[in-house]
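Novice: Each chain, written out:
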Amino acid sequence: MARKITFPNMGNYQIVFKTLFENLGFEVIPPPKTSKKSVEKGLKHSPEFVCFPFKVCVGNYIQSIEEKGANTIVMLDTQGECRFQYFGRLQQKILDDSGYNISFFTFNAKNALRYLRKLGIFRNSPWRIVRAVWITLWKLKLVELIEDLSWKTRPREQKSGKTGKVMSKYLDILDKTNSLVKLRRLKREIKESFSSIEIDKSRKPLKIGIVGEIYVIAESYVHRDCDVALGNLGAEVHKAVRVSTVIKHFLNPLSKKLFYRQAYPYLKTSVGGHGQDSVAHMLEYAKEGFDGVVHLAPFGCMPEVTVRPILNQISKEKKLPLLSLSLDEQSAEAGIQTRVEAYMDLIKDKKIRN
Amino acid sequence: MPTVGIPKALFYYKHPLMWETFFKELGFEVELSGDTNRKILEEGVKLSESESCLSCKVFNGHISVLLNKKLDYIFIPRYKSLRKGYKSCPKFFALAEIARTIFNNIPPILNPEINFSKERLDKTLYRFGYNLCKSRVKARQVTKIALGKLSSYREELKDQYYQKIKSEKPKIILISHPYNIYDPFINLNIINKLKELGVEVITIDLIPYKEQVFYSGWDFMDEMIAQIREIVTKDIKGAIQFSAFNCGADSILISLVEQEFKKVNIPYMSLIVDEHTGDAGIQTRLEAFVDTLNL
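For the protein sequence lines, the chains are A and B, in the order given. Just so we're aligned, residue 27 is where the first sequence starts under the working numbering, counting upward by one. Just so we're aligned, residue 329 is where the second sequence starts under the working numbering, counting upward by one.
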């Protein structure tokens, strides 16, 4: 049976994961874009009180199994402290109990090599593996470049919606490109086309940092396009936790330690997930003179809920306005939009008064 | 003589009596926050983050009660792991920091780290004791007494278990975290209610078990599963899992525990309470559950 690999959605990073497996010689079935339907499917099969990302992931799996015939699921386990460490195992159990015939691979530090062998990755020539990883890293870089540029241009654009169009166009092209030479050319092209968007230079956008849980920050359906809404309201957003930063911290423990040291005055220990990251990033933003911070967390997320009082405290002490949003299947786009608007009004008001 | 306040919630029930004895032997005066009551709960709910779990809210309520007393120190340890290679609930990690942000007038916090992955409990106690009294002999002595108290308490539990297992009445096992089981206010006196219905309640922490690896990750998870595997071989009529609302760990645990009982065909019920749960609702559900067992 040929393997048809699928994985949970994670915003624009989907392109990156897809590339990795495609270049290793697998048939990849990217999950359909997360929608109301996938959330409903996930809700039906998940435990009631588990956090929102779990339900969305299950929905993604079921959609790609039912609609596209995937038979292998790849999931990650970072062996942290929060619920995420049980995601893979519990999801496997749920899918087995529901009668889906799939093989499930939950990668963690201990079983990674064994599982890679089982998947048959080492049948590829070493050169091919290196090339796959290299292309993946390039695409990761370009995806984040596109995001960066879109955050920068969106609050300044003259014709609203232009940035979004350029962004989705280049994400599409990036998805189809599969050669290093072309990727290099694409990088230049992306930069040029973003700078060709007409911008209003007189505008001085507010700088807003987004902290919180990595999945929620990345997946646009889960945070209901909060970053786009902020951009349209005239804020230059910056997302704190990204896949590239996670990889950097993984490869360089010293920088990780130095980074977490910033959070020490408020939080001396990891609280699982990206709890300590949120604190450290918020302090970083305060130092860099940002105008506000938006904290995104799934409802009842163990680490993020734990650090929320600390974030409130930092907000009070550093005079940095904080909007903390809890996201779950009940949260509607209009609700998020309204709160973001009110928040932006408050910050603008504060800036005028000072 | 310096006074130290110990909130009687969350971590207190992980090592009952040990910390009190430890501080008393060191020459501290110990102030316990006492049992949970309506006022503590309300205070805790008001102060805490609204999405936090009920147990954490109650914990903050206990601290607020302690702050009314005259204290030199307040004791909030950092429980990181209670088994080698395992982790505790992440909400236990930052209790001290959260307390510091919520309460402005909090006295200095004594905050030792209990991490079995790094060192054994006796070493942690010894080092913590030495830092407080600066005498090696005394620290060693105090550690020994405190640990002795803990182990004698655990022996008592074991005796209780062997008595209960012999009982003629239908036996029900109550599964929850120790800080829910031993707090009659949080669990709405569930043990007494069950007793009145004529069943023998065996709480899960009584059950002696062998350490095994099932899921790894959280220390209490593998402990509970091991205890459940032990108890299902005995003559058990039913199982009730009890959890506080928005407990992150229980959202995973419930499905795994349920699966254990499904395998052996023992009736299982899960109850979730929050600060609004009424007495009558729980009573009805318990009665219905016990009725089905007798059929």
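Hints may be right or wrong, so weigh each one.
[As the list claims (entries may be wrong)] Here are the simulated DSS-like pairs of lysine-lysine, each with C-alpha atoms no more than 27 Å apart in a straight line:
| no. | chain 1 | residue 1 | chain 2 | residue 2 |
| --- | --- | --- | --- | --- |
| 1 | B | K446 | A | K294 |
| 2 | B | K590 | A | K67 |
| 3 | A | K294 | B | K367 |
| 4 | B | K492 | B | K412 |
| 5 | B | K412 | B | K494 |
| 6 | A | K294 | B | K342 |
| 7 | A | K136 | B | K492 |
| 8 | A | K119 | B | K374 |
| 9 | A | K294 | B | K374 |
| 10 | A | K344 | B | K374 |
| 11 | B | K523 | B | K499 |
| 12 | A | K283 | B | K412 |
| 13 | A | K70 | A | K144 |
| 14 | A | K70 | B | K565 |
| 15 | A | K119 | B | K523 |
| 16 | A | K136 | B | K412 |
| 17 | B | K565 | A | K342 |
[What the hints assert, rightly or not] Reference listing, derived: stretches of chain B covered by chain A, where coverage requires no fewer than 3 residues with Cβ under 8 Å from a Cβ of chain A:
| no. | region |
| --- | --- |
| 18 | 404-415 |
| 19 | 425-435 |
| 20 | 578-589 |
| 21 | 608-614 |
These aren't lab readings, by the way, just hints derived from the structure by calculation. These numbers were taken from a predicted model, which means no experiment stands behind them. Heads up, the beta-carbon is just placed ideally off N, CA and C, and yes, glycines get one too.
Novice: If you count the residues of the region 425-435 of chain B with a beta-carbon closer than 8 Å to a beta-carbon of chain A, do you get 3 or more?
Specialist: holds (count 4)
Novice: Can you confirm whether the C-alpha distance between K590/B and K67/A stays at or below 27 Å?
Specialist: Cα-Cα ~24 Å, so holds.
Novice: Do the alpha carbons of K119/A and K523/B lie within 27 Å of each other, as the hint requires?
Specialist: It is violated: about 36 Å lies between the C-alpha atoms, which goes past 27 Å.
Novice: Quick one, are K136/A and K492/B close enough, alpha carbons at most 27 Å?
Specialist: violated (42 Å)
Novice: Under the criterion that the straight-line Cα-Cα distance not exceed 27 Å, is the pair K412/B, K494/B satisfied?
Specialist: At roughly 34 Å apart (the allowed maximum being 27 Å), K494/B and K412/B break the hint.
Novice: Measure nothing beyond the straight line between the CA atoms of K294/A and K374/B; if it is 27 Å or shorter, mark the hint as holding.
Specialist: holds (25 Å)
Novice: Sort out whether K374/B lies within 27 Å of K119/A, counting only the CA atoms.
Specialist: Violated: K119/A and K374/B sit about 39 Å apart, past 27 Å.
Novice: Is K344/A close enough to K374/B, meaning Cα to Cα at most 27 Å?
Specialist: holds (24 Å)
Novice: Against the 27 Å threshold, does the CA-CA distance of K70/A and K565/B hold or violate the hint?
Specialist: The hint is violated at about 30 Å.
Novice: Going straight from one Cα to the other, do K294/A and K342/B come out at no more than 27 Å?
Specialist: holds (22 Å)
Novice: Does K523/B pair with K499/B here, judged by a C-alpha cut-off of 27 Å?
Specialist: holds (10 Å)
Novice: Does K412/B lie within 27 Å of K136/A when you go C-alpha to C-alpha?
Specialist: Holds, at roughly 17 Å.
In terms of the numbered hints stated before, the structure departs from hints 3, 4, 5, 7, 8, 13, 14, 15, 17 and 21, listed from lowest to highest.
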